[in-house]
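**Student:** Quick note on numbering: my numbering labels position 66 of the sequence shown as 58, and the sequence is numbered without any gaps.
A couple of the hints might just be wrong.
[Said to hold, decoys possible] Pairs of lysine-lysine residues, derived as BS3-like cross-links and limited to a Cα-Cα distance of at most 30 Å, are as follows: (1) LYS40 with LYS30; (2) LYS225 with LYS179; (3) LYS67 with LYS107; (4) LYS72 with LYS30.
These are computed hints drawn from the structure, not numbers from a lab.
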Amino acid sequence: MFENVSQGLFETGTIGYLIVAPVLRSVAILFMLISTYKILKAREDEHKAIWLIGIIAFPFLGRIVYEIYCRFIKKKNTRKSKSSTRFLILSLLAWIVSAVLLVVSFISMGAGYIKSEIDGEPLATYYDVMGNVYDDVYAVPLHDNDGNTYFYESEWFTAGTYIDQNGNKLDGNYAYIDEDGYFYYDKNNELQPYNDSLEYYTDGETIYYSIFGSVYWEADGTMYDFNNGHYYKLFDFDE
C-alpha cells in the first residue's frame, strides 16, 4: 500500500488527522446532543431548541453552562436521566479518543516528514507513462507518440497551458490524453464528445480525455488527473 516507511507514517497520520479524528469529534457532538436532549426532556425544559443550538456551537461548554444554569440560577427540576448520562459518557470518551488520535496523527506526520528528509524517501510517488518516478505531481511530464515531452502550467480560471521541451505553449482547452496515456493536441478542434460526455472525446476510433490538470500514473498503471486538489481516475467507465 505504501512504497516506503516515510510515506506510510505521513499518509497514515494524514488520514487520522483529516478524516478519523474529525469523524470522532462529530460523533462526540452527536452523543452530546442526544444526551442534552434527553436531560432537557426529563426536566421538561421549555427552551430545548436554544440549548441544543448552543450545544452544536459549543458542545462541552454549552453543556457545562446548562448544568450551571440549572443548579445555581434556575434552582429547580434538576432531575437526572440515566440514558442522558450514558450518552454523556460516550461523548466524553469519543472526544478523548479523537484528541489522542489527533496528537498521535500529528506526531506520525512529523515523523514521516523528518524520516523523508533524513533518508531521502519521497512522501508521495508519481509515475509518468514511461514508468519514471517523481515526488511532485506537477513534475510529471506527458509524452506524445512522437517522443515529445509536455509539462503542465496552471492558470487562474482557464484550462492552463502545456509547454513542450522547446518552450512552445499549447492551449489547455485543446489538450487531451488517450487511453494509452499519450498526449494529443487537437489543434483543429476536430474531436467530438464521446457518449455525450463533457470530459471524453473521440475521433471515431480512439477515446481521449480532456485534460484539466496534471496527469500522473500509480505503480499499477492507473491513470489520474489532479486538478484543484482533487484526483480523478481516468477512463474508468464502470463508475
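**Student:** Now tell me if each hint is right for this structure.
**Tutor:** Hints, one by one, checked against the model:
Distance restraint check for LYS40 and LYS30: the Cα-Cα separation of roughly 10 Å lies within the 30 Å cut-off, and the hinted pair is therefore satisfied. Between LYS225 and LYS179 the CA atoms are separated by roughly 25 Å; this keeps the pair inside 30 Å, and the hint holds. For the hint pairing LYS67 with LYS107, the CA-to-CA distance comes to about 58 Å; that exceeds 30 Å, so the pair is violated. Distance restraint check for LYS72 and LYS30: the Cα-Cα separation of roughly 9 Å lies within the 30 Å cut-off, and the hinted pair is therefore satisfied.
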